[in-house]
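Top to bottom, those sequences are chains A and B.
Residue numbering for the first sequence follows UniProt numbering, beginning at 1 and increasing consecutively.
Residue numbering for the second sequence follows UniProt numbering, beginning at 1 and increasing consecutively.
The set of hints was computed from the structure by calculation and includes no laboratory data.
A portion of the hints provided could be inaccurate.
To be verified - Taking lysine-lysine and the BS3-like style, the derived pairs with C-alpha atoms no more than 30 Å apart in a straight line are: (1) Lys81(A) <-> Lys140(A); (2) Lys144(B) <-> Lys140(A); (3) Lys18(B) <-> Lys85(B); (4) Lys210(A) <-> Lys48(B).
The lines below spell out each chain.
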Amino acid sequence: MLNLFVNNWHSFLTGFGWTILSSIVALILSLIIGSLFAIMEVMPNKALRIIGNIYVEIFRNIPLLVITMFFYLVIPLYFVKINGFTAGTIGLTIYTSAFIAETVRSGINSVDIGQMEASRAMGMTYGQAMRYIVLPQAFKLVIPPLGNQFVNLVKNSSVLAFVAGFDLMYQGNAIASQTFDTVNTYLVVGLFYLIITLPISYYMQHLERKLA
Amino acid sequence: MQNWINAYSAMNLRFLFKGLLVTLEISIVSVILSMIFGSILGIVRYTKIPWLSEIVGFIIDIIRNLPLLLIIFFVYFGLPSLGFKPDTIVAAIFAMTVFESMMIAEIIRSGIGAVNRGQLEASRAVGMKYYQAMWHVILPQAYKNMIPALVSQLISLIKDTSLATIIVTPELMQHAQVIYGQNANYIVPMYLALAVLYFIVCYSLSIISRIIDRKMA
Numbered sequence: 001m002l003n004l005f006v007n008n009w010h011s012f013l014t015g016f017g018w019t020i021l022s023s024i025v026a027l028i029l030s031l032i033i034g035s036l037f038a039i040m041e042v043m044p045n046k047a048l049r050i051i052g053n054i055y056v057e058i059f060r061n062i063p064l065l066v067i068t069m070f071f072y073l074v075i076p077l078y079f080v081k082i083n084g085f086t087a088g089t090i091g092l093t094i095y096t097s098a099f100i101a102e103t104v105r106s107g108i109n110s111v112d113i114g115q116m117e118a119s120r121a122m123g124m125t126y127g128q129a130m131r132y133i134v135l136p137q138a139f140k141l142v143i144p145p146l147g148n149q150f151v152n153l154v155k156n157s158s159v160l161a162f163v164a165g166f167d168l169m170y171q172g173n174a175i176a177s178q179t180f181d182t183v184n185t186y187l188v189v190g191l192f193y194l195i196i197t198l199p200i201s202y203y204m205q206h207l208e209r210k211l212a
Numbered sequence: 001m002q003n004w005i006n007a008y009s010a011m012n013l014r015f016l017f018k019g020l021l022v023t024l025e026i027s028i029v030s031v032i033l034s035m036i037f038g039s040i041l042g043i044v045r046y047t048k049i050p051w052l053s054e055i056v057g058f059i060i061d062i063i064r065n066l067p068l069l070l071i072i073f074f075v076y077f078g079l080p081s082l083g084f085k086p087d088t089i090v091a092a093i094f095a096m097t098v099f100e101s102m103m104i105a106e107i108i109r110s111g112i113g114a115v116n117r118g119q120l121e122a123s124r125a126v127g128m129k130y131y132q133a134m135w136h137v138i139l140p141q142a143y144k145n146m147i148p149a150l151v152s153q154l155i156s157l158i159k160d161t162s163l164a165t166i167i168v169t170p171e172l173m174q175h176a177q178v179i180y181g182q183n184a185n186y187i188v189p190m191y192l193a194l195a196v197l198y199f200i201v202c203y204s205l206s207i208i209s210r211i212i213d214r215k216m217a
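All chains should be modelled from the sequences, with the hints used to inform the complete structure.
And the structure:
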């Protein structure tokens, strides 16, 4: 196993880098998009609420692979040429943003309704009350579930292997087909994923226990 | 327009439905197996048997934090060199079961943890053995609370079966790929069909779970 890593360390580390890059880009974008849809879902305006709901329900119930492959195959066919990494990251962003929207919405809903009423009674507008009172409390509540979403995101980023996204899984497959040492290659790939996911998920468990 | 009509020809639709059946078959078999293994592992982890629980807990944490795709690859391409040669459907079921058992074990453990500690103490106080208290008192309450989490795990399992296309398991996504492999004009119709089929299956499950949840509460 060590031998295999020493011989192919460059490919492994390249893949590791692309996996981290794609995960972080997708995380930032899906946090923004997800929060926007979550806020839409709790708005007093009924039309916005329905739009938010439709977005979340659609993308939560379709496999990530279908979304990613759609972007990989259809966008280059009719619109612009994009590479596998971009298509994969777009797919990850859309898929994850639906889950983050759901998480943030449940966080907003679990903030006592009296907080909003009190802020409005003090003369704040709806937007101000949301921005300064409700959202800060909601985000504190949803940090552990958001951390778990990030772990899922890192694991899901392995679908980039389907679209030639140069990520860890893709490099692992390339190495496995060159060296024929499938068992050891996949073990090394697994260790690299664990380097990212295990610390986060242990820290989130610790946070959950502290908050509970 | 003609492309769309051709793409949804009776033969292609029948082929897609055949794929959907395989997808459902893989999902149902894996969910049943992983409910059994997951419950055992979850209870072992909760019970705090010296050594055993720690080792089980460590294995659960490791596998839970790996991508399912990696496990599928490992089972299909790695295990044959260790002497186990599964065919594609068996490999998909095997990989899904290993992964989902660990996910379900975590759900079970937290479900048991959420049952009031007094329930166990009271059962022991009226003379039940530990496993009797677990089986007759704690688990029924725990499973009732876990229904939403278990259903959402089932939904993600059904979505994850699409990953098995990479080892050419003849499931829904793979069948769609076969169809649009014949004609690039079928790509958009096929992805629309995939989205609709997966959505119908998964969304109806989540509605059922919501109804059960409301009835129980």
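query = Among all the numbered hints in the text so far, which are the ones the structure does not match?
reply = Violated: hint 1 alone.
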